[in-house]
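Novice: As given, the protein sequences belong to chains A and B, one line each in that order.
Note that the first sequence covers residues 1050 to 1312 in the working numbering.
Note that the second sequence covers residues 102 to 515 in the working numbering.
Quick caveat, the hints were computed from the structure, so don't treat them as lab data.
Do not take every clue at face value.
Claimed, not checked - Cβ-to-Cβ under 8 angstroms is the rule here; a few derived chain A residues that face chain B:
1. Gln1115
2. Thr1161
3. Thr1207
4. Thr1243
5. Trp1253
6. Thr1254
Ideal Cβ positions, reconstructed from N, Cα and C, are used throughout, including at glycine.
Here is how the chains run, residue by residue.
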Amino acid sequence: MTRSPRTLPRWRRGISPPPLIPYIVAGDPDLETTAEYLALAAKKGLFAVELGIPFSDPTADGPVIQKATQRSLRHETALENILAWLSGIPEEQLPPLYLMTYFNLFHHMGVTRFCREAHRLGCIEGVVIPDLSFEDGILYRKVFREHGINLVGFVSPTTGMDRARRIVKESRGFVYYVGLMGTTGSALHVTDETRRTVGMLKEWTQLPVCVGFGISSGAMVEEILQFADGVIVGSRLVQDEENPTKWKETFEEFFSAAVKGKG
Amino acid sequence: MKGESAIKSRQGRGTSPLPDVRGYFGEFGGRFVSETLMSALLDLDRSFKKAWRESAFRKEFREILADYSGRPTPLYFARSLTQEMGGAAIWLKREDLNHTGAHKITNAVGQALLARRMGKTRLIAETGAGQHGVATATVAARFGFDCRVYMGSEDIRRQALNVFRMKLLGSEVCPVDLGGKTLKDAISEALRDWSRTVQTTHYLLGTAFGPHPFPLMVRTFQSVIGQEARRQMLSREGRLPDALVACVGGGSNAIGLFHPFIDDPSVRMYGIEAGGRSISPGDHAARFAGGSIGVLQGTRTYVLQNPDGQIENTHSVSAGLDYSAVGPELSYFRDSGRISFDWVGDDEALEAFQTLSRTEGIIPALESSHAVAYGLRLARTMSRDRLIIINLSGRGDKDVVEVSRLLEQKEGTS
Ligand SMILES: Cc1ncc(COP(=O)(O)O)c(C=O)c1O
């Protein structure tokens, strides 16, 4: 099956999707369930889904995602196998995807080869790579760009102003503001500084500025959407990933909060 | 004696300009970490370079090493061992005589001085053999830092003596039950802690590994080993050694000994990795024998990984060498051909552990025993007028319980 690559982000094409980005670990508990979750996200017309590819040593992740990673880590969920698996899923059952994993998996496959295959698939809008620093990214940004794969830039509370400006300028797809210091799954407390920083980032870029890490309730989603363009929900959803009924319930809660928060 | 004075005038500093500003040794190195840690790394880079340019900082570092750790450590001619091997003269660089029993204290002192300058109040560290954990706990006590050490639960079992020492020194030891429950997993946990606490905490990384500037900084501190050895050999024998041998975990004792000799083409260098039970996945830690280039825990280097790019677990009888990746500078010198690498398996290391104990009255750490084993192999192939320096990176007190268990096990099965 061939698909037309999405050369423009959906929000630029005049579509205004619900600003929720759920994080889903591929293969947790199995790929059939993952496909079901993706189809639901597609049906709801979400802005994007972050699809996590399990890596053996997830240094930026807290206990919940570490455990999910261990559950799903097997040959079947290797990066190349996930690409092959995605190619077999009908287009309408896939939301715009951002693959999220550690740099070694891209490096191991070869960044150029990955980009070529991801581009051919069409459903992959970009990549989120927590351990590819802005500096090391210099070597790879061009390759991602040439293939139309968005490399998302991270800004954190420890990022200085000048640096944040440079990161935002080079970011593609969206800007990922890590709302807290720590690993995924710690508890986020929205402060004036969070608001101020996100506000500043929005002035510097046309891209959606999304807040992630530590978002654990619908109320929090609504609060954040007062000042941010989108929210990324990771650990709180991953926690329920093994149990589809529970996951869908939690998902609905976040989804309606996102719809409400946007209005 | 023109040649000799020319050698002396180079002062054994090494002239290699690497790493570059982004922390690369050729294609190896970098700073593959999350954005949250970047400001701390940039800060550390600036602070380290500034401090190291100041003679007052270097002087304080040297004085503490002298008074507190007992430097310079001796370069000892192992006469009986040399006779028994019947080949090259074997010299031991006695890092085992440092305070706390290994070369690790040198780096811990350097980084503690830096952390204090930077206004940090808390230290964290990873440890495998426990030597680096003990060194960090020691400087934490000496300089008044809070301290937490991450250690794989398998290592906690086999290095129990060091766990007790860390606690005695007032540090908290935090067991890590993830992955292979060894050094790699302890580093991941330390990185996670650091990303939560980076404003008050310095991550005192124990080897020439991880994101820039750690490989540069640790090498700079540990180069005192090679600088001393060079001076000592010149004054004792009037010439440079022909070969250097060191074991390689992350690579700090190896690059510390080698670096001041890098520009001396007559000096051959051998880095020795842990061959474990066999060179098949999960059974060893010989990254240059079974690995390929990858990115792990902040750096691009040789890594043991499977065909999917997942990091392999490792095995070695020595906790300090039991690690899936290796420092980026050693990868660089391996590919350039300047440093040769080989491996020694569990059994041969255990044998060398006993040989050195019996012939010289020195009980080496199991890590160092790998270097000793290879040094013995090498000595036999070289003529009597040749000089070998083996880096005796640590002493074996921490290993005696585990070795006696292993030897009993062996007797039981044979
Ligand atoms: C005595 C001793 N030697 C060597 C090592 C290996 O580390 P490195 O390669 O950094 O010298 C260790 C690590 O724990 C050690 O304790």
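Novice: Each of the hints needs a verdict: does it hold here or not?
Specialist: Here is what the structure says about each hint:
1. With 8 angstroms as the threshold, the beta carbon of Gln1115(A) comes within range of chain B, its nearest partner Cβ sitting at about 7 angstroms, so the hint holds.
2. Against a cut-off of 8 angstroms between C-beta atoms, the interface hint on Thr1161(A) is violated, since the closest Cβ of chain B lies about 15 angstroms away.
3. Interface restraint check for Thr1207(A): the shortest CB-CB distance to chain B comes to about 4 angstroms, inside 8 angstroms, so the restraint holds.
4. The beta carbon of Thr1243(A) is not positioned within 8 angstroms of any beta carbon in chain B (closest approach about 14 angstroms), and the interface hint is therefore violated.
5. For Trp1253(A), the shortest C-beta to C-beta distance to chain B is roughly 16 angstroms, which exceeds 8 angstroms, and the interface hint is violated.
6. Taking 8 angstroms as the C-beta contact cut-off toward chain B, the hint placing Thr1254(A) at the interface is violated, the least distance being around 16 angstroms.
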